[in-house]
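FYI, this note's numbering numbers position 404 of the sequence shown as 404, with every residue one higher than the one before it.
Since the hints were made in silico from the structure, they are not lab data. Beta carbons: idealized from backbone N, C-alpha and C, even for Gly. Among the hints, erroneous ones may be present.
Unchecked claim - Simulated DEER-style distance windows between Cβ atoms:
#1 Phe348 to Glu48: 42 to 48 Å
#2 Ser170 to His29: 16 to 22 Å
#3 Asp248 to Glu65: 32 to 38 Å
#4 Asp248 to Trp18: 27 to 33 Å
#5 Trp18 to Ser269: 19 to 25 Å
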Amino acid sequence: SCRWIKFEEKVEQGGERWSKPHVATLSLHSLFELRTCIEKGSIMLDMEASSLPQVVEMIVDNQIETGLLKLELKDKVTYTLLRRHRHQTKKSNLRSLADIGKTVSSASRMFTNPDNGSPAMAHRNLTSTSLNDISDKPEKDQLKNKFMKKLPRDAEASNVLVGEVDFLESPFIAFVRLQQAVMLGALTEVPVPTRFLFILLGPKGKAKSYHEIGRAIATLMSDEVFHDIAYKAKDRQDLIAGIDEFLDEVIVLPPGEWDPAIRIEPPKSLPSSDKRKNMYSGGENLQMNGDTPHDGGHGGGGHGDCEELQRTGRFCGGLIKDIKRKAPFFASDFYDALNIQALSAILFIYLATVTNAITFGGLLGDATENMQGVLESFLGTAVTGAIFCLFAGQPLTILSSTGPVLVFERLLFNFSKDNDFDYLEFRLWIGLWSAFQCLILVATDASFLVKYFTRFTEEGFSSLISFIFIYDAFKKMIKLADHYPINSEFKVDYITHYSCACEPLGPVNSSLFNRTTVLSADELLYSSAEMYNTTIDWSSLTTKECLKYGGQLVGNNCEYVPDITLMSFILFFGTYTCSMALKKFKTSRYFPTT
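All chains, full assembly: derive it from the sequences and hints.
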């Protein structure tokens, strides 16, 4: 009655043709009922079966073993599930649910009719009759179906079979994932191998409810996130978690405010499901970093599937392939940017690179005693950036200094200083050695190893850098506390007791007091010959001048240091508090988009 590739198509009234694809609208109740079905029904994952009769037999046996189905109903259920399936390509079109009910009723009469012989004989007859309806090979009508052209290569089918029968008291529910996709003959409209099977047979009177549950599971299986979960699920709980995730994203329209008969046209561009995948990526049953959705259900995927990361086994083979692949687009990467729309991006990238060079250049100057500073950072960024853009085949990649580089340079400078190495010479050899290693990696196609990397590598390194910066910040604070201890004994009430004065070490010639001269620091430096012929006003000298010209500091406040440490701690925690508050501020109610 319905089919999905990405969107739903229904059989139009009269059963003569399929509708246009449209967005499936589901009732919330049907999704909750589906969740209950998955909770209570048979879940059989990675079933090893090669035909529909084998699949049905294993499902029925499992239901009997778990006590969900009575033994005496086995033949009736098997007979019902193995009846011939008819599709749009047939002249007789689709059977209605009522027709299915009639067929099953006649089947149940056969079981109850004593003229059919012994139960064993009846079982044999029915099985052979039903099996004659099923063929594993595709029929001529299936092969001629033009619908096949719409399907992507290596597509796999998910079949949903729902219906009502009069011999069941409780629903017969099964969700099956086959180990390998299998051709199930006329079960599918077109010859596509089946990987998933959902079966729901229930008592009479709830045909519409069963139909909606069937539509719900079909819509879920066409959902990119859920069908990824279905492929990788290990047990019932994984499937339930997938339905819960789908329910979290569902939007409910209130009844009476829209017409359910109106079909919603598919959007021109589909929204990305990456956000949903990222939100749900905590579960191990979903794809890990770098994985791509499975290809045709065979698992795998990941970095290694792309051509760029396949090892050639030849000397510089990967480099040659890269050049061949990139050559047609080399010029367009540059002249595409000669557009007024690209101007703002160019200015933004330029300013981002310049400000980065200034910032890290200044920090680098502090770390290396100005052996490398802002100018070196500017020059390095300009030269390497230009060479990279011209020859790396990736002109959109921005090169600039980063935190790890700064940490490395500071550690290298300290190491050189401690071991009496020439820092710049040492740095040159490290650069040459790194370049040599890069050439070896390129020549041996070592980039294929990237497919084994996960986010653990990146996040582990990021954590190390973060800890180094945090450690540095606290180290500076502790050093400040050591050099400028907090004056905890200071009391405002005793301010009159504090004093510090500069006095000469020896007795001063009293006859010179009448010619007192006050000298500035510069005059003291440049007229030292006259200094001793002139009386110094010791009280006007600074601490450094007093000690320089042989004076001494006298008083109980000469050791006083302003509370630099306290102020630094205030700035330290104040900056952190401000940054955290501003981070949260962007999600607050202040300054919305308008």
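So, going through the hints one by one against the coordinates:
| no. | hint | result |
| --- | --- | --- |
| 1 | Phe348 to Glu48: 42 to 48 Å | 57 Å, violated |
| 2 | Ser170 to His29: 16 to 22 Å | 19 Å, holds |
| 3 | Asp248 to Glu65: 32 to 38 Å | 34 Å, holds |
| 4 | Asp248 to Trp18: 27 to 33 Å | 31 Å, holds |
| 5 | Trp18 to Ser269: 19 to 25 Å | 24 Å, holds |
In terms of the numbered hints stated before, the structure departs from hint 1 and from no other.
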